[in-house]
Amino acid sequence: MSLEFSADATRKIGALCERYVVSGTKKPVVLAALHLAQKEFGALTDDALRLVAATLDLPYAHVYGVATFYTMFRRTPGGTQTIRVCTNISCMLRGGYEVLGAFETQLGLKKGESNKDFTLVEEECIAACANAPCAIVGTKYLLDIVPSKVGSIIEELKRDPHPESEVV
Amino acid sequence: MPTEIGTKLVSKRFGNEAAKTLAGYEADGGYQTLRKALAMRPEDITAEVKASNLRGRGGAGFATGVKWGFVPKDAKQVHLVCNADESEPGTCKDRELMFWDPHLLIEGMIIAAHALRAVHNYIYIRGEMMREYAVLQKAVDEAYARGYLGKNVLGQNIEVNLTVHRGAGAYICGEETALLNSLEGQRGQPRLKPPFPAVKGLFGNPTIVNNVETLMNVPFIVDKGGAWFNGLGMGRSGGTRMVCVSGHVAKPGVFELPMGITFRQIIDDVCGGVPGGRRVKAVIPGGVSMPPLDIDELDVPCEFDALQTDERIKPVMVRPGEPFNLGGGKQLRTMAGSGGIVVLDDTTDIPKAVWRIMKFFAHESCGQCTPCREGTGWLEKVSRRVAEGRGKPDDVELLASIAHGIAGNTICALGDAAAWPMLGFLTKFRSDFEAAVRQVKAA
Ligand SMILES: Cc1cc2nc3c(=O)[nH]c(=O)nc-3n(C[C@H](O)[C@H](O)[C@H](O)COP(=O)(O)O)c2cc1C
Ligand code: SF4
Ligand code: FES
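Respectively, the protein sequence lines represent chains A and B.
For the first sequence, my numbering assigns the number 1 to the initial residue and increments by one for each residue that follows.
For the second sequence, my numbering assigns the number 1 to the initial residue and increments by one for each residue that follows.
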């Protein structure tokens, strides 16, 4: 099945191509186009990558190579929201692994897994170390997390979701 | 005596919601320095930046004015790229800076672009920073609408464009040449240097890559003069410094502090000390890529040169009695890095902390060079078994020799960034590793 970008995405990609005119190609727009494709189709399937390649006049192999290099891109669908829990040094020192464990228990997911609502990711430092342990969900930061509060944090996210696609 | 915190520049609008809008920023004096700068000759701006002794806040501490001076005079097309990829563990200043004062970054970039005669310019922002991306994009749109950006900036016949470019998850894209590849729409793998970006960078054109904090200091230099800015600092380092303090302190936070402040003052006076009556064991001085300090080394200023040369800091060893050679017989003590200070108290399991750092580097290696790809993987594996109590007697020596094999033998500095802290922790906390391994034998 072949896919198509929405009018909004097509307009955004067109405007971005103007911003990189000096490059002489549309290649610099590939990350933005992949973010948009992931937003519109939920995952970067083969068809989605073919669409990006055709839109930017790039070889499929190049788009595939880029899509598989960066950790925010996914080839299969995930939950509506992605919870990225940092366990790096500053967070580890203040209970980051306990926080990750609490999310795993409360969501019934292991890190890396998804259900309809959530994808749970063990993240490297998210630049909020002074508020460790912390996590990021779209545009929302969860700061100074206490493991016993993780259940209510999840309830709050269900009421007030922050999908990553909201800023794309 | 409480430490005098002193002048605030780049963080002066923290907490000021109103100043995030264009109107609020202008009401607070914003974009006035740009008017002054546009009336100056580009080379005069660069001369002020040279005189200011502003040094790059992204990690290497390279003199900003000197770097700008490397752009060939006859270049047809020059680019300025702001490195907003902040992902060095322990570092959380650029994100706060962009969130609270996006227009200060934009004003700094327009001034720098004028100095460099750069027309097409970019902010490469880390993909995960979605909140900050929204803030920045809104500010850029406002600046275009008001004529600060575009074909004819403030009617002065100068064209400056600024595009916010989102990454998509990869620490290595903070390395400037990987960043440029990522901007060009490729996999984010570092390039061989030379040529350096200032000569051949984005799209093959001379390109200056500067950190967020570096560029946000530029308006203050143009406004008050390079000599004034230099006077705020110490030695060959002008200005103030953003530091991020995390880990085992009572009050972690992001602070703008004088260059000359010592680690002891930061921990005790600014951050309320180590809680629970415990003591400092180790301090990571500038992000996890930098060798640690121990409790006897805390009276050193948090300044670029001091951390490299102060003899109160013990040199990093390959093994006892064999100092690590940084090249040309130079010793490695530590470096100021990115301003990310992580405090580890005396209850910290050092081998476990080191394993977590090595896990990070193994995960983030781009895989181009064999010593880095294989070596970081081995450092993670061996440090893990030591931390988990499955270490072998030779593992301490093995960790040292793997790290030594990586250092200096790779395309980019990520290899060193993994090797140096490994050797640094082994130098200063060797007994912790030996004890972990001995316990296994005894069991
Ligand atoms: C592995 C690696 C990661 C880096 N990450 C960052 C980063 O996230 N932000 C940054 O400003 N500089 C980072 N740097 C340093 C940049 O390569 C470059 O030196 C810096 O952006 C130059 O700006 P400055 O002169 O203003 O410091 C990194 C370097 C390496 C080797
Ligand atoms: S040192 Fe590591 S991260 Fe840097 S280019 Fe080589 S493999 Fe990639
Ligand atoms: S270490 Fe967790 S946010 Fe930096």
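None of these hints come from the bench; they were simulated from the model.
Since this is a predicted model, take the numbers as computed values, not measurements.
Just so you know, not all the hints are guaranteed correct.
[Stated by the list, open to error] From the structure, some residues in chain B lie toward chain A, with a derived Cβ separation under 10 Å:
hint	residue
1	Y133
2	N157
3	N161
4	Y171
5	P252
6	V288
7	F360
For each residue, glycine too, the CB sits at the ideal point set by N, CA and C.
Against the structure, the hints:
1. Y133: 6 Å, holds
2. N157: 20 Å, violated
3. N161: With a closest approach of 7 Å, the N161 (chain B) hint holds.
4. Y171: 6 Å, holds
5. P252: 4 Å, holds
6. V288: Holds: closest Cβ of chain A sits about 6 Å from V288 (chain B), inside 10 Å.
7. F360: Holds - the Cβ of F360 (chain B) comes within 10 Å of chain A, reaching about 6 Å at its closest.
The structure fails hint 2 only (numbered hints given earlier).
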